[in-house]
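Visitor: Chains as they are written, first to last, in my numbering: chain A, 1 to 436; chain B, 1001 to 1299.
In case anyone wonders, no lab produced these hints; they're calculated from the structure.
Just so you know, not all the hints are guaranteed correct.
[Unchecked claim] Straight line, CA to CA, 35 angstroms or less: simulated DSBU-like cross-link-like pairs of lysine-lysine:
| hint | chain 1 | residue 1 | chain 2 | residue 2 |
| --- | --- | --- | --- | --- |
| 1 | A | Lys415 | B | Lys1085 |
| 2 | B | Lys1063 | A | Lys415 |
| 3 | A | Lys18 | B | Lys1085 |
| 4 | A | Lys424 | B | Lys1126 |
| 5 | B | Lys1085 | A | Lys432 |
| 6 | A | Lys236 | B | Lys1206 |
| 7 | A | Lys10 | A | Lys20 |
| 8 | A | Lys435 | B | Lys1064 |
| 9 | B | Lys1064 | A | Lys236 |
| 10 | B | Lys1085 | A | Lys236 |
| 11 | A | Lys105 | A | Lys92 |
| 12 | A | Lys432 | B | Lys1206 |
| 13 | B | Lys1125 | A | Lys415 |
| 14 | B | Lys1063 | A | Lys435 |
| 15 | B | Lys1102 | A | Lys16 |
| 16 | B | Lys1126 | A | Lys10 |
| 17 | B | Lys1126 | B | Lys1214 |
| 18 | B | Lys1126 | A | Lys16 |
| 19 | B | Lys1089 | A | Lys18 |
| 20 | B | Lys1170 | B | Lys1104 |
| 21 | B | Lys1264 | B | Lys1248 |
| 22 | A | Lys236 | B | Lys1063 |
| 23 | A | Lys10 | B | Lys1085 |
| 24 | B | Lys1177 | B | Lys1125 |
| 25 | B | Lys1177 | A | Lys18 |
| 26 | B | Lys1132 | A | Lys415 |
| 27 | B | Lys1197 | B | Lys1228 |
| 28 | B | Lys1089 | A | Lys10 |
| 29 | A | Lys408 | A | Lys432 |
| 30 | B | Lys1116 | A | Lys20 |
| 31 | A | Lys424 | B | Lys1003 |
| 32 | B | Lys1123 | A | Lys16 |
| 33 | A | Lys10 | B | Lys1149 |
| 34 | B | Lys1063 | A | Lys428 |
| 35 | B | Lys1063 | A | Lys408 |
| 36 | B | Lys1085 | A | Lys429 |
[Unchecked claim] To spell it out: a stretch of chain B is covered by chain A in this simulated footprint if at least three of its residues, at any positions, have a beta carbon under 8 angstroms from a beta carbon of chain A; those stretches are:
| hint | stretch |
| --- | --- |
| 37 | 1047-1059 |
| 38 | 1077-1085 |
| 39 | 1088-1100 |
No residue lacks a Cβ here, since even glycine has one placed at the ideal position from N, Cα and C.
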Amino acid sequence: MKNKLIYLTKNSLNRKIKTKWFLIANIALLIVIAGIINIDKIISMFGGDFDENKIVYVIDNTNYTYDILNENMKSISSTMDSSELSNFELRKESKTKQQLKDNLKNNELIVVIDESVENTLDVTLVSQGYIDTIDYQILNQALNNTKTTIAIKKSNIDVNLLNNIYKGIKIKREYIDEDKKSEDENMEMIMTTVFPFIILPFFMLSIFLIQIIGSEVNDEKTTRGMEIIISNVSPKIHFFSKILAGNIFIIMQGILLLLYSGIGFLIRKLFVSPESSSFESQIMSIINNVSGTEFMSKLIYIIPITLVLMLLTLIAYSLVAGVLASMTTNAEDFNQLQSPIVIISLVGYYLSVMAGMFKGALFIRILSYVPFISAILSPSLLVLGQIVIFDTLISIIIILITIFLLIKYGLRIYKVGILNYSSKDLWKKMFKALKN
Amino acid sequence: MLKLENITKYYGDFKAVDNLSFSVLPGEIFGLLGVNGAGKTTTFRMIMGLLEPSSGNITLDDKKIDYSVTDNIGFLTEERSLLTKLTVKEQALFYGNLKSMKEKQILDRLDYLLNKFSISEYKDKKIKELSKGNQQKVQFIMAILNEPKLLILDEPFSGLDPFNIELFKKEIIEMSKKGSMIIFSSHRMEHVELFCKKLAIILNGKTVIKGYLKDIKEQYRKKNIIIKGDIKKKDLIDIDGVLEVIEKADELEVKIESKDVVDKVFSKVKNFGNITKFVVEEPSLNEIFISKVGMEYEK
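Could you build the full structure based on these sequences and the hints that come with them?
Guide: Okay, here's the thing in structure tokens:
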């Protein structure tokens, strides 16, 4: 029987892997993932308006504003990370507004600066049509900064004082809880944004797992091949072979996704953008921020615990998928039945995204123990410092109990379900199977 | 020996099989007959362990049938039970492995059987691409791939033309000669009469006829006489013991109560001229079945 379990598992895996569709799907995944990683470069490659320099003609009627405005534009370029900024080209113009207006192109703007007693500066912005929101914001910020600089200068404020005014405020953090540190607080802020993206592949893989196990069981059932299979191996062996094969396949697919991401970054590094771009700088900045902090030492146990919880949840998902597929008599029924599981998983994902907004929410914390939701929500809350490791361990224990119950009672349903071809009195039959 | 003792199966309150007993010896071909819904498939599913009997025992060589002996059993289900996305070869490897066969053994046996059933060219074709008849051949090949000690065939001839029925029949007889126990079900009597020496007819789960075909026919007292000549229905109908006279083209079929009535009919017929045929026939199994079923229905 052990040999048959190994054989069925191998066979099930081969049926998924040794197909042209697996190859095609993975080639497509590689292309899509590598493409997403290099999407900015791909978009730039095809050209478009964003490539054109935005020329800003400045008619400076004050004769002292242009240089300050130019400095402020450069300053914004250095502090903000946007390729749009580097395309701005400021040109001081001696022509009149009317002269410039006559030949103004789509990528050209006219900024007329006049002195104002009431407002320090009055500005008129001329363009062919509507201008991009980001462009408007950049110009607006640069002009505001310019106005402030001129106003301060006019007030005869000392240079040192002026520097102090411009210097960002320093916040000294103090925590009543002695275990809390400001580096960790910063990390939590970063993780609130980053973690949902890290966890997204798990969500996708769990959905994929439900589908592959369900469709395989359903296929064997609807073709009645199940009768011959179950004549030769016990439903238990058959069930476990599907669970094993499904999970091994998903783990393999997960590793392949990581590999494709690696290839994507390698392409970016070697061919697309050999010099460090802002994207890599951001990643490096996150890594640098993490390393050496208390958070890094936390990650040493958060990662394995998260992986264990995710693996157990995948097993639980596959058990549910197998049991549900055994009850259905066609693929359409299974698709309908799997929707609630997908929604539960989706709830976990959305809650993990919202966890940062509702810090300390009891509702979210309680849901982090709920099987299927916990795999996504519990690690998110742990990273955000909203729960402690003990809470995640409780989630692991609960999912283990769920797996035990799914095997004990789900197998009873599976044994009856796989040989049931009628949807008449289905739930009655399943409840009866549970009692036996 | 396969032995079923007082097998009863309930689905809720519905009794699908009622106290069924029979045995099949090595080399025997046993026919299980019954109309659709009589309980044949349920019986097979119980033998295969797919269903638990509500009561009674099923043993193979005095041992309860479990997964330790299923490697020696071949099973052809009534409906197609093939994984249609696989090729014939992949299907054989799959089922063969489930029967604990070695890969070489599977492929050698598959080549032999494909050749025998004249479908060698389909070895690497997907099953869903084959015709219904060829799918049935593949299904039969899968059932006998492991040269089973016990072969269960649930309606094996469905979808087959007479030529292929003959092919199947030959193979089944060959397997029985090698010592396999074969049970086969059908609702078509002529298929069973072809090669079953032993049979049981079930109706609503109950056994209505059981035993050796020869004995069953002998026990069934009614006979038929076929007469051809210048004689009319009215000349025979009043004879004591004649149940019915049916006019068939240029012949008369006279149904009689028992063998003893033959002499009375013959005495009458010989008085008429130009009699070219007078044959006493055993009733067909179909007749016996209809008669029994009719009796049951009338109850």
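Visitor: For each hint, tell me whether it holds in the structure or not.
Guide: Structure-based check of each hint:
1. A:Lys415 - B:Lys1085: This hinted pair holds, its Cα atoms lying about 24 angstroms apart.
2. B:Lys1063 - A:Lys415: holds, 23 angstroms
3. A:Lys18 - B:Lys1085: Answer holds: A:Lys18 to B:Lys1085 is near 13 angstroms, not above 35 angstroms.
4. A:Lys424 - B:Lys1126: OK: A:Lys424 and B:Lys1126 at ~33 angstroms, within 35 angstroms.
5. B:Lys1085 - A:Lys432: The hint holds at about 33 angstroms.
6. A:Lys236 - B:Lys1206: holds, 33 angstroms
7. A:Lys10 - A:Lys20: Given that 35 angstroms is the threshold and the Cα spacing comes to 18 angstroms, the pair holds.
8. A:Lys435 - B:Lys1064: holds, 25 angstroms
9. B:Lys1064 - A:Lys236: Roughly 19 angstroms separates the two Cα atoms, so the pair holds.
10. B:Lys1085 - A:Lys236: holds, 24 angstroms
11. A:Lys105 - A:Lys92: Roughly 17 angstroms separates the two Cα atoms, so the pair holds.
12. A:Lys432 - B:Lys1206: holds, 26 angstroms
13. B:Lys1125 - A:Lys415: holds, 32 angstroms
14. B:Lys1063 - A:Lys435: holds, 29 angstroms
15. B:Lys1102 - A:Lys16: Roughly 23 angstroms between the alpha carbons, so the hint for B:Lys1102 and A:Lys16 holds.
16. B:Lys1126 - A:Lys10: With a Cα-Cα distance of about 20 angstroms, the restraint between B:Lys1126 and A:Lys10 holds, given a limit of 35 angstroms.
17. B:Lys1126 - B:Lys1214: Outside the cut-off at roughly 44 angstroms; violated.
18. B:Lys1126 - A:Lys16: Status holds; Cα separation ~16 angstroms.
19. B:Lys1089 - A:Lys18: holds, 15 angstroms
20. B:Lys1170 - B:Lys1104: holds, 26 angstroms
21. B:Lys1264 - B:Lys1248: holds, 21 angstroms
22. A:Lys236 - B:Lys1063: Satisfied, since the Cα-Cα distance of roughly 22 angstroms is no more than 35 angstroms.
23. A:Lys10 - B:Lys1085: holds, 17 angstroms
24. B:Lys1177 - B:Lys1125: Cα-Cα ~32 angstroms, so holds.
25. B:Lys1177 - A:Lys18: violated, 42 angstroms
26. B:Lys1132 - A:Lys415: holds, 30 angstroms
27. B:Lys1197 - B:Lys1228: Holds. B:Lys1197 to B:Lys1228 sits at ~32 angstroms (cutoff 35 angstroms).
28. B:Lys1089 - A:Lys10: holds, 17 angstroms
29. A:Lys408 - A:Lys432: holds, 15 angstroms
30. B:Lys1116 - A:Lys20: OK: B:Lys1116 and A:Lys20 at ~33 angstroms, within 35 angstroms.
31. A:Lys424 - B:Lys1003: holds, 33 angstroms
32. B:Lys1123 - A:Lys16: OK: B:Lys1123 and A:Lys16 at ~21 angstroms, within 35 angstroms.
33. A:Lys10 - B:Lys1149: With a Cα-Cα distance of about 28 angstroms, the restraint between A:Lys10 and B:Lys1149 holds, given a limit of 35 angstroms.
34. B:Lys1063 - A:Lys428: Satisfied, since the Cα-Cα distance of roughly 34 angstroms is no more than 35 angstroms.
35. B:Lys1063 - A:Lys408: holds, 28 angstroms
36. B:Lys1085 - A:Lys429: Since the Cα atoms of B:Lys1085 and A:Lys429 sit roughly 30 angstroms apart, the hinted pair holds (cutoff 35 angstroms).
37. 1047-1059: holds (count 4)
38. 1077-1085: This one holds; 8 residues, not fewer than the three required, reach chain A with a Cβ under 8 angstroms.
39. 1088-1100: holds (count 6)
In summary, the numbered hints that this structure violates are 17 and 25.
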